[in-house]
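Residue numbers (the numbering used here), protein chains in the order written: chain A, 1285 to 1738; chain B, 1285 to 1738; chain C, 1285 to 1738; chain D, 1285 to 1738.
Accuracy of the hints is not assured; some may be wrong.
Identical copies look the same in the list; a pair holds intra-copy or inter-copy alike.
Keeping only pairs whose Cα atoms sit at most 30 Å apart, straight-line, the calculated DSSO-like set for lysine-lysine is [what the hints assert, rightly or not]:
1. K1324 x K1644
2. K1504 x K1679
3. K1472 x K1605
4. K1679 x K1346
5. K1472 x K1584
6. K1436 x K1375
7. K1510 x K1616
8. K1324 x K1398
9. K1436 x K1324
10. K1517 x K1656
11. K1346 x K1517
12. K1679 x K1324
13. K1346 x K1643
14. K1616 x K1346
15. K1398 x K1656
16. K1627 x K1555
17. K1627 x K1425
18. K1324 x K1510
19. K1656 x K1551
20. K1643 x K1555
21. K1627 x K1679
22. K1644 x K1472
23. K1425 x K1398
Hints in this document: simulated from the structure, not taken from any laboratory.
Protein chains: 4
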Amino acid sequence: MCAIFGIAGQQEASNLTYLGLHALQHRGQEGSGIVSTDGKLPFVHKERGLVADIFTATNIAKLEGHSAIGHNRYSTAGGNTSENLQPVMMKSSLGWVGIAHNGNLVNANVLTQKLEREGSIFQSTADTEVILHLMAKSQEKDLINAIVHALKQVVGAYSLLILNHDYLVAIRDPQGIRPLVMGNLHGKPVFASESTAFDLIGANYEREINPGEMVVVSLKENFTVKCFRPFEKGALKRCVFEHVYFARPDSVVFSSTIYQTRKNLGKQLAKEHPPLDAELVIPVPDSGVYAAIGYSEFSKLPFEMGIIRSHYIGRTFIEPKQSIRDFGVKLKLNPIADIVRGKSIVVVDDSLVRGTTSKKLIQHLRNSGASKIHLRISAPPTAHSCFYGIDTPNKTELLASSHSVDSIRDFIGADSLGYLSLNGLLQVASEVSGAGFCHGCFSGEYPTPITTIV
Amino acid sequence: MCAIFGIAGQQEASNLTYLGLHALQHRGQEGSGIVSTDGKLPFVHKERGLVADIFTATNIAKLEGHSAIGHNRYSTAGGNTSENLQPVMMKSSLGWVGIAHNGNLVNANVLTQKLEREGSIFQSTADTEVILHLMAKSQEKDLINAIVHALKQVVGAYSLLILNHDYLVAIRDPQGIRPLVMGNLHGKPVFASESTAFDLIGANYEREINPGEMVVVSLKENFTVKCFRPFEKGALKRCVFEHVYFARPDSVVFSSTIYQTRKNLGKQLAKEHPPLDAELVIPVPDSGVYAAIGYSEFSKLPFEMGIIRSHYIGRTFIEPKQSIRDFGVKLKLNPIADIVRGKSIVVVDDSLVRGTTSKKLIQHLRNSGASKIHLRISAPPTAHSCFYGIDTPNKTELLASSHSVDSIRDFIGADSLGYLSLNGLLQVASEVSGAGFCHGCFSGEYPTPITTIV
Amino acid sequence: MCAIFGIAGQQEASNLTYLGLHALQHRGQEGSGIVSTDGKLPFVHKERGLVADIFTATNIAKLEGHSAIGHNRYSTAGGNTSENLQPVMMKSSLGWVGIAHNGNLVNANVLTQKLEREGSIFQSTADTEVILHLMAKSQEKDLINAIVHALKQVVGAYSLLILNHDYLVAIRDPQGIRPLVMGNLHGKPVFASESTAFDLIGANYEREINPGEMVVVSLKENFTVKCFRPFEKGALKRCVFEHVYFARPDSVVFSSTIYQTRKNLGKQLAKEHPPLDAELVIPVPDSGVYAAIGYSEFSKLPFEMGIIRSHYIGRTFIEPKQSIRDFGVKLKLNPIADIVRGKSIVVVDDSLVRGTTSKKLIQHLRNSGASKIHLRISAPPTAHSCFYGIDTPNKTELLASSHSVDSIRDFIGADSLGYLSLNGLLQVASEVSGAGFCHGCFSGEYPTPITTIV
Amino acid sequence: MCAIFGIAGQQEASNLTYLGLHALQHRGQEGSGIVSTDGKLPFVHKERGLVADIFTATNIAKLEGHSAIGHNRYSTAGGNTSENLQPVMMKSSLGWVGIAHNGNLVNANVLTQKLEREGSIFQSTADTEVILHLMAKSQEKDLINAIVHALKQVVGAYSLLILNHDYLVAIRDPQGIRPLVMGNLHGKPVFASESTAFDLIGANYEREINPGEMVVVSLKENFTVKCFRPFEKGALKRCVFEHVYFARPDSVVFSSTIYQTRKNLGKQLAKEHPPLDAELVIPVPDSGVYAAIGYSEFSKLPFEMGIIRSHYIGRTFIEPKQSIRDFGVKLKLNPIADIVRGKSIVVVDDSLVRGTTSKKLIQHLRNSGASKIHLRISAPPTAHSCFYGIDTPNKTELLASSHSVDSIRDFIGADSLGYLSLNGLLQVASEVSGAGFCHGCFSGEYPTPITTIV
């Protein structure tokens, strides 16, 4: 996961980039960075933390120029240093180049080993550095040619924004695995992982960058835009998990509004796994709300916000020594006893990964008096790791990789458990976005050979 | 507004108080404090900021003892110093005493002037200090008598928790204006502004502290609890705004669950102000969600989360110099164009104070394509200031104090505007909590004479 | 210890106060505060930490007005709250009053008990609050009369700056225990604990506030200055420890420059305790430097900075688990082996309190090769606690309270140990400042009866 | 400037490295970093700020292993990002390698251009990255061979510590421009820029790393030490400015104790530029103290600490709008009027770069009453830039590059001005350390051809 944002030809390019990154904060909270340019020099600020904390009027003022790219990094277990924050900057025979990457290359290790044998050095663990090495080694004099040369060698998921003193370039991989959209503000181009970033800054949404497309904005020619198709178009393999969970509900991604898709997933879920004896439909907020509305609409059962989510959770929490039952989940989610007491309920969530939170929540609901709990998941069982940019745990930690639905139901203590079928998911997603999805995390069918597994 | 929490006879009294304050964070975000005791000395920590930032394992460890009280303070315009943070500590002939107060005294100025004439000094602007002065001047040797002596002189709203080396005392004013509930954890007493604090720490809800009741926990006698009625019972005047907006939806307040009340307010609102030609019901999240569910249920119109709220808003924000239309509201609330486009919609909110946010939101919805916007408010017009602890603006800033509903509708740009009637509000609130509410902010009818207006 | 600073009739009163407090930082590092006024309202900022960290352009800009007082508080063991920071603010029948206090009242406990019996409440542990209570209870309508009324009841050490909307008042106790000096900037009055604060802001030093004198600046009458003698003059008892250790060497205190006094103490020390067989004189930096220069001059032995002090010491330090010999002292003080190796040396310091640092330093010097170490202290043995504002340890922790000079010498491991005699100290101090000193910490002879010992 | 520290075979390697960096804080305050290893993995922490603030018990605990290297970076004007902090880490065909560098390569730009033409990318502006590229491109399988291969291509100043899973390597350039010393702690090797780091951790000083020497500690063979001479020995060109200013006075650098050298420079200065009519010798503290002691000793004039330095200076300072004369220098340095009034004085400082501080200080001394001011500088005029790691300003900003001594004297307003002669400096330095110094900043005679000037 991660977010990227880019803008050209604006008086306050870095301030607008900061707002765009803020709107995309849900895609990455570990740290953020912006590189801006006045067409000559680059200006860089990167830091660990949230967008609203990192950027100040002072450091935005130092990010001069008319064009900028930015990046939010998803929180991972990795080290104490900030080497992995993006955009990554390099200086090479091409001059300075900044790059922001959403996605993951599956042949990064193979390429890294080859590059190391040839004498290259790596200063981060990010696969993005591989692209920069390939560009620098291309012997191409021109940034655009160097990018094409480099990307022809990589396999995997990438939505990229690349900035130098001459160009802002937006590229999406040939299979379109990760999203990337394009809009305009006062006639000048703007790019983002999701359209919600355009809403905040008052830009208009135009279209998706096409899979395999490269959009080049010429900073020296009045920010004119040219589109190329340097890569053979692959089979369309958009990440279906963007629909299920990752994108913001108010975003247009893969040409459709996420909210509607999620609601439709809820309807399909109700069709496949009816509520049995349930009297109410209750979402696990916030992410389960949209599917629950669809489930309620299809099943004609009342929709109730029977679980309240606290939004004041900080980074760390001082747990009392004496155990409080279901403490972790209680901090975030509190059932309303008055709603669930004595009721048979359908609880709708959008995923079930390790199962520990669901288990605690169900226990918490029972303590609040729910008589029966039918858990419904608006996605198929997550049984496989993702190698294309979603931070799923190792396969061994995925409950569904080694347990049947029945045994999962028993583990979490639900009265019934229903997952949306893969067919149901793909049917709903295809209705709004057309066919062509990667569903590797559900099916194990990956869009590319996996030559390296970190 | 403000939150109070108290606990006695627990091994980790201060850690549990910290968790209780965390659950009550919505009632006050300016700063917090805890006073604990081992039955001899007091231990104090107060700071500006959010509960999750203020308290660390290190400073909680220093808050020793088996009993504690805590306070969250609501953000106000006041000064740079931390004098107004609570619990307030004093040393007097009674020994040390800590006090945490939710509410506001309406005769504080009169009492302050009297006390100053007698040579008292005040070190904060908080009316709570008046209570301490009255206690100290009582000539009573015993804390309980001193409290009764003091409170017999004050008029207004107060839910109080008072701690010294011998007692933890909980008191609610004779009219029961502000809430205060009681529960138990492992058989020992716990007190909070709202029951949701009990859910987090695994305590059981027992009952409301009665209006005019004083509950005394004896720290030296195994935390036994005695209940007194030292004050004449007044006419019940509970703050109806707790039902409308202030309390958490998962809390039991005034003996009923807030969620149900709000949903019923939505139903009543739909009865009084039907949706006209609307096709959808959309809440202003988060606080409008519950009334919108009720409105949808009664009106049979579909409920849609057509406005998405961002939860990453920080304290300050760097606005770009070039104006972005409706910038302030966009940072928090984003309509989903795909839901509202071409639709006539009912938008449900729980209050309309100055009208500026509603005006911007309606413009933002129109830009997103809504064809008609019917704003419905699940409360009567806020036309009067509150003198009992809710931080309403001066009357002159309250749009409804000087404008008719029609002129408010025109100002905010809605196609129609409907407020819940005062009768409708009181009927719904009385159904769940029995009769007896203060509705001064709507009606101007105050429960006490107002002898001082600051 | 503590520092006070006050200024009237200046465009940037709070900024100049901030600089004055910065120059007086050595007198207190726990926290600081400023109260300013425009002749109507007070503006307050107080915080824990160093002056340079507490005050920002933003919060200084909010400290409006032409007059201000400020305070640095000395670090003490006390609690986590900021109640004890000064200036203390009160509101009473006199209106608002701010007070900054350097010194300590010895009858504070007696007065506190009396006030508590009469119904007063105390919110800090500072004796300064007693003065405010006495002022408020005076029934005087006028600030000046109220101050005189209050101070006639207190016994002990006080240099005070008091600000309200009408006056800035500077007072020094009748025995002149703590210093307070007066200067002018562009013809308007300025006050400080030490003259070094005037140097920084370009003000001219004029004179000491006399013992028992009250200087009143009228904010409403063009900042004119009037001087009163409301208190009977007591026997002069200025704190001789200001000369020995506490004041900055570049300050004029008690009408003489500290640097010269300290150098003369070193000469006297050399006279009383000659260097025996020593070849070099080495100070313990920074405070021992000035006496060492005098010792070197009198003894004709070369002066060498044979111990280097690090100025990068932070608040806390992560000590390795494996013990490093003399770790604590090594962080601050490092002998230069090349200077001390094989040499018999005189080491000059200005005090020896618990003896632990001296013991470690001597061991460290021996490890660096010193053949003989003659420790010389430019003050008598510290054998008694101070009750007048210097934070000496309890008498039981004072090595000299229970050990002879010989046994101290053996404990710290010096080859010889010489303390300046009390007579020698008083003779040197009297030569520059005239007679009349408190030497309670050396002699146990206190200037007032001690009615309370905290 | 910069500091490096390395240690092998210790239980608390990272904690000892932290202490070593703390002792070397004077060589660099911009930021610091540590890389440690357990012989397998690297553990890294780098941050901007002071050593005492960067490292906490928590992050030191994560720096596991028996061996570590660390680096303090000198504050420069450079960007907001932390890319330039050291040790620099790389991964290449050699595996992971960490490197800490004190010095500057003069052919870095030439090598960078060559490497870029061959397809290398650079992620920092530090010349250290060049060394890593050359190592990685060496095709050597062994770290030691790769280092030798790389360093044979670079020209300039380098003291290096290099760590991987097998080795800790210490190298000093063939001309010995920057210092690097070796010691032992419990029989295991330790390295540092200056010996003062050994004093703090209780290690014994052994010797300098010889110019052109490489000392290899084998982590897998019980931390045995082998010494090589892979580079031809060049003409000895040690930085004479280490003697004059940069090293700590208590350090052994270039085989002699800095304190003695500085004192001898003061004696030589007195010989070359006698005090004329002066009555006192006063240092500009802290750095001028040692030469002033020597000047005083030789000239038989009394030494007085007539200027007091404040050690509470923070990063930024809020200057009042109304100008205070000589504000900047007053914050740090305050003359004692009582010492200088009516006196002709010699003021001793160790350098005069732009002249602005000296000019203000002299004015400040005159305002304090000094009748004559004879400025003496214990080094020759700084007339040339340094390309070997000292952060001198551009030549155009060096007062002495374009002004005669007479015209400098007039500019700063001294009555007389005397610089130590280059011959005098070299004679003093050679007496203690033997011949062979770089004096480029004074003479413009550089030890290597300068192929690139940034």
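So, going through the hints one by one against the coordinates:
Taking the shortest alpha-carbon separations for K1324 and K1644, neither the intra-copy value of 56 Å nor the inter-copy value of 39 Å comes in at or below 30 Å. For the homomeric pair K1504 and K1679, neither the shortest alpha-carbon distance inside one copy (48 Å) nor that between copies (36 Å) is at most 30 Å. Taking the shortest alpha-carbon separations for K1472 and K1605, only the inter-copy value of 18 Å comes in at or below 30 Å, while the best intra-copy value is 57 Å. Taking CA atoms no more than 30 Å apart as the test, K1679 paired with K1346 passes between copies only; the shortest distance there is 27 Å, against 44 Å inside one copy.
Proximity of K1472 to K1584 under the C-alpha cut-off of 30 Å is found in neither arrangement, the shortest distances being 47 Å within a copy and 44 Å between copies. Taking CA atoms no more than 30 Å apart as the test, K1436 paired with K1375 passes in both settings, with 21 Å inside one copy and 24 Å between copies. For the homomeric pair K1510 and K1616, neither the shortest alpha-carbon distance inside one copy (47 Å) nor that between copies (35 Å) is at most 30 Å. With identical chains, the CA atoms of K1324 and K1398 are at most 30 Å apart between copies only, with a shortest distance of 23 Å across copies and 33 Å within one.
Within a single copy, K1436 and K1324 get their C-alpha atoms as close as 28 Å, which meets the 30 Å cut-off; across copies the closest is 35 Å, which misses it. For the homomeric pair K1517 and K1656, neither the shortest alpha-carbon distance inside one copy (50 Å) nor that between copies (44 Å) is at most 30 Å. Taking CA atoms no more than 30 Å apart as the test, K1346 paired with K1517 passes in neither setting, with 40 Å inside one copy and 46 Å between copies. In this homomeric assembly, K1679 and K1324 come within 30 Å of each other (Cα to Cα) only across copies, at 26 Å, whereas the closest approach inside a single copy is 47 Å.
For the identical chains of this complex, K1346 and K1643 are neighbours neither inside a copy (49 Å) nor across copies (33 Å), given an alpha-carbon limit of 30 Å. In the homo-oligomer, the alpha carbons of K1616 and K1346 lie at most 30 Å apart only across protomers (27 Å), although the nearest pairing inside one protomer, at 38 Å, exceeds that limit. In this assembly of identical chains, K1398 and K1656 lie within 30 Å of each other by CA distance neither inside one copy nor across copies; the values are 57 Å within and 62 Å between. Taking CA atoms no more than 30 Å apart as the test, K1627 paired with K1555 passes in both settings, with 22 Å inside one copy and 27 Å between copies.
In the homo-oligomer, the alpha carbons of K1627 and K1425 never lie at most 30 Å apart, since the shortest distance is 70 Å inside one protomer and 54 Å across protomers. In this assembly of identical chains, K1324 and K1510 lie within 30 Å of each other by CA distance solely inside one copy; the values are 21 Å within and 49 Å between copies. Proximity of K1656 to K1551 under the C-alpha cut-off of 30 Å is found in both arrangements, the shortest distances being 21 Å within a copy and 27 Å between copies. For the homomeric pair K1643 and K1555, the shortest alpha-carbon distance inside one copy (25 Å) is at most 30 Å, but the shortest distance between copies (40 Å) is not.
For the identical chains of this complex, K1627 and K1679 are neighbours neither inside a copy (36 Å) nor across copies (45 Å), given an alpha-carbon limit of 30 Å. Proximity of K1644 to K1472 under the C-alpha cut-off of 30 Å is restricted to the inter-copy arrangement: shortest distance 26 Å between copies versus 50 Å within a copy. Within a single copy, K1425 and K1398 get their C-alpha atoms as close as 23 Å, and across copies as close as 15 Å, so both meet the 30 Å cut-off.
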